[in-house]
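Going line by line, the protein sequences match chains H and G.
For the first sequence, the positions run 1 to 293 when my numbering is used.
For the second sequence, the positions run 294 to 738 when my numbering is used.
Quick caveat, the hints were computed from the structure, so don't treat them as lab data.
Hints are supplied without guarantee of correctness; some may be wrong.
[Stated by the list, open to error] Straight line, CA to CA, 30 Å or less: simulated DSBU-like cross-link-like pairs of lysine-lysine: (1) G:Lys636 x H:Lys257; (2) H:Lys45 x G:Lys645; (3) H:Lys65 x G:Lys563; (4) G:Lys483 x H:Lys146; (5) H:Lys146 x G:Lys563; (6) H:Lys65 x G:Lys738; (7) G:Lys738 x H:Lys45; (8) G:Lys636 x H:Lys45; (9) H:Lys146 x G:Lys564; (10) G:Lys738 x H:Lys57; (11) G:Lys556 x H:Lys57; (12) G:Lys506 x H:Lys146; (13) H:Lys257 x G:Lys640; (14) G:Lys638 x H:Lys45; (15) G:Lys556 x H:Lys65; (16) G:Lys556 x H:Lys257; (17) G:Lys638 x H:Lys257; (18) H:Lys257 x G:Lys563; (19) G:Lys564 x G:Lys506; (20) H:Lys146 x G:Lys505.
[To be verified] Covered stretches of chain H, going by a simulated chain G footprint (3 or more residues, C-beta under 8 Å): (21) 43-52; (22) 250-258.
Quick caveat: nothing in here was measured; it's all calculated off a predicted structure.
Glycine is no exception: its CB is placed at the ideal position from the N, C-alpha and C atoms.
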Amino acid sequence: MTRKKRQAVQGFLYILPSFVLLAFFAVVPIFMTGYFSLTDYNMMKAPSFVGLQNYAKVFRDSYMKAAAMNTLIYTVVTVPVQTICALGFAAFFAVKLQNHAGGFLRSVMFIPVIASAITAATIWRIIFATDGGVLNSILGVFGAPKVNWLGGTSTALISICIVAIWKNIGYFMVIYYAGIMAIPKELYEAATIDGATIMQQFSMITLPLLKPITYLVVTLGIIWSFQVFDLSYQMTGGGPGKATVTLVMGIYNTAFKQHKMGYACSIAILLLLLVLVVNFIENLFFREKRGQK
Amino acid sequence: MKKFSKCLTLGLAAMMGGSLLAGCGSSSAPASSSAADSAASSTEQSAGTTAADSPAASGDAAKLTLWLPPFAGTDGDITDLDFWTEKLKPFEEENNCTVSVEITPWDGYEEKYLTGSTSDDGPDVGYLYMEMFYDYINNGLLTDIDSYFTDEEKKNYTYYNLGSILGGQYGLPIVVGNPRVLICNMDLLKQAGVEKVPSTWDELESTGLALKKALPDVAPLMQDWGNPHYGSLNEIYWPFFWGAGGEIVDADGNLTIDTDAGKTATEYLKKLKDEGVIPDSATSNDDTITSFKNGEAAMIYVATSNALKITDVNWDYAPIVQGPAGDQSKTFVAADSLVMFNKCKNKDLAAKLMKYLTSAEVMSDFHKRVSQQPAITADDTYVSEDKFTNLFADYSDHFQTLPVFANAAGMYDTLFKNLQSMMLGDMQPDEVLSETTDYYNNNLK
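For reference, chain G alone in the conformation it holds in the complex (with noise of 0.2 Å):
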């Protein structure tokens, strides 16, 4: 009987190491199962078009992975999940395939896609903003995707130069716009004595002024810096760096942040906090838009997408707030791309399935039920009427893109946290600009 244990033990022993080893050794299970279980394990997904669970994985159907963000509000009508399930059902249909889509939250993207990518259970298809192209493509992740394109396609394509970076078609620009805008509470300014919107840095700061003055428990100009994520910088500082003419990198790549147009930028942003038109807790701000609503911030700088969504304020927008740089002033817009990575194994479908998503028929549909933007093809109109209605004719030379060069998000971080330091009195507007050039150039290019 103790013989008969001791062999029992022994066997279990045995079996857990042997399980263990086939558990370490089941790498080599093709890169298709392996995405698609990927997908089907996510906890931001749970599609009924995953590769594993259709019926059509059971045959030769192809398989694409899909990574999109998410863009629905959380109050919306549909999630971006049902969205794009539904619009990929007539897709998987005429083209015998599963696409496993996944929705990929903004926190942790640009890690997610690093990891994934880099452990061969990335998408064939993603989704990259300008960020995030330049390691992709220096390291070959990325497929060059123009001799997909007809001549008359690509004509087609509003903003398909856009995707053109490092000597390479390596993007398909999906999302173009969402430029950021101030936006004033009318009501408000109206209480101070405002009656138009600013359009200017001089009269932004008189009306930031006179808000504080008129109304003293109103932020005359939120801004949230305290955002954990450098994204903040396309509403608080990129307007204001263009606004005073200022160029991120050269043609070199080489970082010009440090200039007389940062400085003048970058002073005018700590005046403004020094007067108190910007308040001291917007050190601690994350959420701009909330405070807006509230009635307890007068102005602030916000996507139009996002500002479409604030239906319970009386609010007007100024399109761009001329700086020093006069009418050569400048905002963010978004140039986000669909990318196919070099990983796929079926880059024809592929590039159907980008071309499908980008379609008027899926865009137009796209902007009406999940996120109001621009269209970006020239056979589909922008979809509804509203304060923006003109906005992309009229002002389109003064929307700007982030450039693609090395460790821009690096870059961004370092900058970020140095105007945070700014903000709070601890850093010169000199030195963030001098520190975050030098820090670049040692530690991140």
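Same shape as in the complex, but just chain H (with noise of 0.2 Å):
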């Protein structure tokens, strides 16, 4: 056997391991889903082949047309503004708070990252009750009405998209503020010699050098957008009605409530397709703004 042969093969055996766990609990997993989605399968019976059917079936479901417009509608109302947001907080702490109190409070607001989203759903549910509730004895010390925040059709999602936010925000804003500080300090002085403001510098040189995070920020923001569950779950469990079903929480429902798991294995392969989707444009986009720059 030759060096290089040796060395190949050496190679091959270092990730032996990590292949062999990634093929056992991600690869196989897809395509055994991919198969059963091509079947009626219930899991108490052996599966029987019925083509395409469950694909054909999922576009004239009307509570997965729900939980695909719910789940659109809170991916484009939480990746902005978790976005925006971990980017403005990261910029405030890297300029204006660089010191113990900064490190305290990006401390502060990595916790609900942490915290079990089971956990910060039920103390959300506290805050947001109608009677009693956290949020409107607020309002109603200054006289507002109450808000039927998790029992209206038009605030429940949006309620959701709240706690979201709140939860992801700080781990973004690590990120970013990481980035942030990579950036070379020389890069502000010359802008300050040059004139620039603030403002000038930010979106000059801040932006476009963070462009890198913001594509993971964006990319990982979607991806969990579309995977959301356990928040709608507990906080709502996918009502009223059907304003807070969201598409995993439908895959979840058919595959264990309805003992339907092959048609939630067709679900799941179109909300795989839809994510690669996305994520191909959104990549499209992040290629294009880089050539430009």
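Now that you have both chains on their own, put them together as the hints suggest.
Right, dumping it as structure tokens:
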């Protein structure tokens, strides 16, 4: 065996454990899901092949249409807001609060990230409660009427978006903060000498140099948004009506409550394709922007 | 040295790969041990009676896995697990066996049973409610237990026939009762000029309106439309539906909610909501008992066992609030059963366990210390003198269990969500019933 070949074999052996892990717990399940999506399967009996019937049914299913629409609204609301807020907080901490207080506040902002989603949802249920809820009590002090936060069609999904933004913002803020701190100080010094204002420095130096990080933040944000389940499951159970049903909740209910695993798998595969398409479009957008730079 | 490091690294990599494959192949371990391991690792239980840690486990003692739901209140004197552990000890000693008991929380109950029973990690003896039966029977997961009971034993069970489902005796009723009744805060009713508990739909409406006028800060009739689980229908919809004379399915299992009776009941509920008898906040309420205890609600529908836990409010109740069906009006009553799963390897012992659990000796203590329910056997009696002492004798004809039909849980979930939409003004009563029926027939049946 030549030295080159030996090295190749060694390299292969080094990655073998990770590869086996990945294959067993990520790749194989995707293929199994793909297979089950073509079957009528309820977990209690052997699956029977039904072709593309499940896929055709998804597009006629009013419950899944509502779930898709809610997930889209949730994504459109949470991703931009949490990205902009995280960037704003990171810039503020990097410019104005480079001290112990800043460190403390950054840690405080990270607490929601490490808190369990179920705990967070339970606490926010109390905050959003119509009668005796913290938020309505505060609003009451200013004479505002009670708002049925989690029980209203128009407010329930927005309430969940607020909790999601609150929970995610600390994570993205830390990523942005690290990115801002990595930008060479000389660039800002040179800009200051040239007479650039703080806002000009932010838009001409900080933002362009943070593009790779923004790409990461937006990508993660979109993927997490498409996967949203725990918050709406715990806070509203998908209600009132179908107001907060999400795609993943639809998959869960279809599989475990209606015992239609084959159909649930077809929705899961469509969700996977949707995430891939959105990611592809986003990649094109950012690549083009990088090319323009 | 360099060569040695390479060899070491490769060796470690091979070990990791090997142990990974070995781990993946461990599913061939005996089912009984995996059940015991699963039970032992459960966060819900920590019994000293698991097969794994019992001294008897090292011998030839038979092992059974038992899954039960929680009944004890969080502020109760004893937990469910402690109670069953204590009660199962004599059974284990007498039969030289170990019973691994696991308390399965209501949250995610159906999911836990589905995944457990289909992955060989489920119980030998479990506890199912009516909505769950169809698929388990239809897919051959449950055992017909009729042959394990003598005629004399069957006669002793007051509700034995309720476990006769889809042509077989698949359940042994263990909790039959907890009818949903209307309870009223009599102090609040008196402030509104009402002296007695409403017993008809008209009286319920007029009492609600009187309460709304006299006590604007109190919810006249609170309902938990904000509950994430469709189980709330047992309190907030079925008593009205059956009060109007509705039937959920016909003899062939066809959904029959979209009928005149269904419309009457659904329209009545919407009317109560539109009039403010049911407040707007009901759509986010998920705990009517707390609202009632705090004096924020004057009337609620509630399970009798939960009503008895309300001790600080001067309340009275109406067993049945008659609707257009008159004296044929009914209310929901639970009929939950013990079941034996087909995968059970020691069915005789499992049947013995089912008999022991439902015996007067165990049940009377259970009703006394954990959850107050009516007796299920002729040789047992209702344990306490309270407001419901005569309820079961006087009104048993007015109690209705849920029917068993295909994908019942899916139908209830769809109906619940559509009714929620109606309570928010997004759907009309006839739309709720027709859309639920269409969705059930096209997607769920």
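Evaluation of the provided hints:
| no. | hint | result |
| --- | --- | --- |
| 1 | G:Lys636 x H:Lys257 | 22 Å, holds |
| 2 | H:Lys45 x G:Lys645 | 29 Å, holds |
| 3 | H:Lys65 x G:Lys563 | 26 Å, holds |
| 4 | G:Lys483 x H:Lys146 | 28 Å, holds |
| 5 | H:Lys146 x G:Lys563 | 22 Å, holds |
| 6 | H:Lys65 x G:Lys738 | 20 Å, holds |
| 7 | G:Lys738 x H:Lys45 | 16 Å, holds |
| 8 | G:Lys636 x H:Lys45 | 14 Å, holds |
| 9 | H:Lys146 x G:Lys564 | 22 Å, holds |
| 10 | G:Lys738 x H:Lys57 | 14 Å, holds |
| 11 | G:Lys556 x H:Lys57 | 29 Å, holds |
| 12 | G:Lys506 x H:Lys146 | 19 Å, holds |
| 13 | H:Lys257 x G:Lys640 | 28 Å, holds |
| 14 | G:Lys638 x H:Lys45 | 20 Å, holds |
| 15 | G:Lys556 x H:Lys65 | 26 Å, holds |
| 16 | G:Lys556 x H:Lys257 | 26 Å, holds |
| 17 | G:Lys638 x H:Lys257 | 28 Å, holds |
| 18 | H:Lys257 x G:Lys563 | 28 Å, holds |
| 19 | G:Lys564 x G:Lys506 | 17 Å, holds |
| 20 | H:Lys146 x G:Lys505 | 17 Å, holds |
| 21 | 43-52 | holds (count 3) |
| 22 | 250-258 | holds (count 4) |
Going through the hint list in order, the structure satisfies each hint without exception.
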